[in-house]
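J.: In order, the protein sequence lines correspond to chains A and B. First residue of the first sequence: 1, per the working numbering; consecutive thereafter. First residue of the second sequence: 1, per the working numbering; consecutive thereafter.
Check the hints yourself; a few may be wrong.
Note that identical chains are pooled: a pair holds if it fits in a single copy or bridges any two copies.
Here are the computed lysine to aspartate or glutamate pairs in the DMTMM-like style, where the Cα-Cα straight-line distance is at most 25 Å [said to hold, decoys possible]:
{"#": "1", "residue 1": "K219", "residue 2": "E94"}
{"#": "2", "residue 1": "K3", "residue 2": "D126"}
{"#": "3", "residue 1": "K3", "residue 2": "E110"}
{"#": "4", "residue 1": "K3", "residue 2": "E113"}
{"#": "5", "residue 1": "K14", "residue 2": "D70"}
{"#": "6", "residue 1": "K222", "residue 2": "E247"}
{"#": "7", "residue 1": "K14", "residue 2": "D126"}
{"#": "8", "residue 1": "K14", "residue 2": "D180"}
No lab work stands behind these hints, which were simulated from the structure alone.
Chain by chain, the residues:
2 protein chains.
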Amino acid sequence: MQKAGRYVIEGGGKRLRPALLLVVSRLLGYTGDRDVCYGAVIEMIHTATLVHDDIIDHARVRRGRATANDRWGNQLTVLLGDWLFIRSMEIALEMGDLAILRLLSRATVEMVEGEILGLQLQHSQDISYEQYLDLIRRKTGELFSAACALPSLFAPELERYRQPLAEYGRSLGACFQIVDDLLDVTASESRLGKPVFSDLREGKLTLPFILLLPRLGTKQRKAVADVVASGEFRATEPAELRAWLDEHQVLQRSREIAAEYGRRAVEALVALPASPERDALAIAPGYIIEREY
Amino acid sequence: MQKAGRYVIEGGGKRLRPALLLVVSRLLGYTGDRDVCYGAVIEMIHTATLVHDDIIDHARVRRGRATANDRWGNQLTVLLGDWLFIRSMEIALEMGDLAILRLLSRATVEMVEGEILGLQLQHSQDISYEQYLDLIRRKTGELFSAACALPSLFAPELERYRQPLAEYGRSLGACFQIVDDLLDVTASESRLGKPVFSDLREGKLTLPFILLLPRLGTKQRKAVADVVASGEFRATEPAELRAWLDEHQVLQRSREIAAEYGRRAVEALVALPASPERDALAIAPGYIIEREY
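Given only the sequences and the hints, what does the whole structure look like? Please build it.
T.: Spelled out as structure tokens, the structure:
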């Protein structure tokens with residue numbers, strides 16, 4: 001478990017959720033060390049879901065390295081995820097704050113329910129824009145939201161910042177997830193650390209395709225549906241698909257929607273005290289949207 | 001999730017852990033309804049581990065029916081287990097008792113660590129008696145212990161019963177698990193609801209075999225080792241194995257060890273007020289040991 005845990009930790013990742021938590025904590029003038037502990041808890045919860053997701057998706061590569069399930073098998077990896085979930089809760093319990101525990105467990109339930117919903121929608125070509133938004137809110141938005149809102153529970157007088165911080169996190173999470181889904185379509189394999197069009201191959205329709213499908217003719221739509229259903233490029237080529245995405249400008253439209261969520265996140269910040277930390281939060285969406293394609 | 005959840009619930013099971021919790025609660029004179037809620041939580045935690053265990057063991061049959069993983073696949077079943085774990089914690093959180101939450105999460109961590117340890121020892125022929133006892137304490141004893149000790153946290157004046165109740169549960173859990181391991185060797189398939197010698201086929205050495213191996217000659221030991229390593233009866237037959245178990249009286253010896261744990265459980269009860277409920281707890285080991293072989 002130590003070896004596998006270390007391997008997963010060393011895989012890196014952006015540590016975006018704890019980073020947000022720490023910036024918000026400083027913004028609110030908190031000077032203790034509970035934020036560091038909760039940052040670790042949130043990253044552990046996030047890692048637990050990644051580890052189980054990779055089993056579910058039969059993913060073999062993440063962040064340019066073999067996934068835990070590829071390296072140690074599904075058996076140990078199921079338990080690694082369980083252990084991360086439960087130990088993260090136990091660490092949060094040591095801190096003894098029930099309101100924060102409720103915030104974290106609610107976000108975690110939403111995430112798992114989002115995964116279940118995603119599984120149910122897998123290989124389906126009939127995903128509405130609304131279903132997609134609900135899915136990414138659960139899968140990403142709620143934990144981002146919890147990370148940002150959490151420090152507002154450190155003291156009663158900070159509670160008035162809870163709603164705007166939760167809203168900031170939720171919108172930033174949507175922005176982040178849309179860009180992440182876009183990268184899967186537009187980035188290079190070496191940049192992604194996993195194969196391009198992974199989502200589609202796993203039968204997952206993301207925003208660009210949800211926007212694209214109604215714009216396509218019957219034959220083209222069938223070609224996309226075939227990839228979603230079979231997980232393979234048989235009747236069509238990745239390059240062809242990319243040409244359709246360009247032709248119908250849905251990547252540009254997806255980026256605009258991500259930017260719109262970024263703007264919403266920034267708008268939520270007006271309720272917070274002006275500070276260098278607030279400025280840092282305000283430029284976060286820009287960085288996310290400018291991630292290399 | 002509803003459908004899969006209902007299926008797992010309808011699979012039945014003995015509901016031993018919530019039953020213990022409810023009897024102890026009544027024994028301590030508790031009249032509220034928190035015990036019912038925590039009983040549900042404990043059964044959900046137990047079910048979550050069963051569901052993930054069946055994935056890990058590639059089990060296809062439990063309680064005479066197809067396992068969740070056999071019916072809905074590993075993907076949904078990983079998420080079903082996650083959902084049960086986290087929702088159970090969330091329900092316990094609603095009750096708002098930190099000490100009880102800590103008791104439950106500690107027992108759950110022990111259980112998952114027990115599963116990990118079990119996986120590590122899988123296909124190994126070198127499991128000591130002590131390792132086996134540690135394994136069953138983690139896998140079974142700690143949740144039994146938590147179920148029994150939990151109602152002592154309902155009121156400060158009940159805390160003095162915590163240690164004896166925890167000890168009762170831990171010993172009863174060991175007794176139960178040894179009998180369960182025995183049944184896998186001695187019971188009929190129709191009685192078990194799964195194939196006989198399942199543990200051995202899954203590469204798990206249980207008490208009868210741990211006692212048997214040092215008593216066997218090199219050739220016989222090799223035959224057992226082959227089943228543990230390969231998961232198949234190739235060089236030997238189940239009937240032959242059973243003959244060796246009989247010949248060396250290790251089933252009888254295992255039953256005695258289970259009975260010894262049963263006695264320890266009963267001894268712990270002296271610290272509790274005499275009552276019909278205490279009498280009920282006192283006869284529980286007898287029922288467990290007399291489970292049909």
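J.: As a check of your reading, is K222 near E247 (CA-CA no more than 25 Å) within one copy, between copies, both or neither?
T.: This pair counts as within: shortest intra-copy Cα distance 17 Å, inter-copy 67 Å.
J.: If the cut is 25 Å between Cα atoms, do K3 and D126 qualify within a copy, between copies, both or neither?
T.: between (42 Å within a copy, 22 Å between copies)
J.: Cα distance capped at 25 Å. Does K3 pair with E113 within a copy, between copies, both, or neither?
T.: between (29 Å within a copy, 14 Å between copies)
J.: Can you give me the call for K14 and D126, within, between, both or neither, at a CA distance of at most 25 Å?
T.: neither (32 Å within a copy, 42 Å between copies)
J.: Under a CA distance limit of 25 Å, which applies to K14 and D70: within one copy, between copies, both, or neither?
T.: Close inside one copy (22 Å), not across copies (36 Å); limit 25 Å.
J.: Please sort K3 with E110 into within, between, both or neither, judging by C-alpha distance up to 25 Å.
T.: So K3 and E110 pass the 25 Å test across copies only (19 Å; inside, 29 Å).
J.: How would you classify K14 and D180 at a CA-CA limit of 25 Å: within, between, both, or neither?
T.: within (13 Å within a copy, 46 Å between copies)
J.: For K219 vs E94, is the C-alpha pair at or below 25 Å within one copy, between two copies, both, or neither?
T.: neither (58 Å within a copy, 53 Å between copies)
Hint violations for this structure: numbers 1, 7, all remaining hints satisfied.
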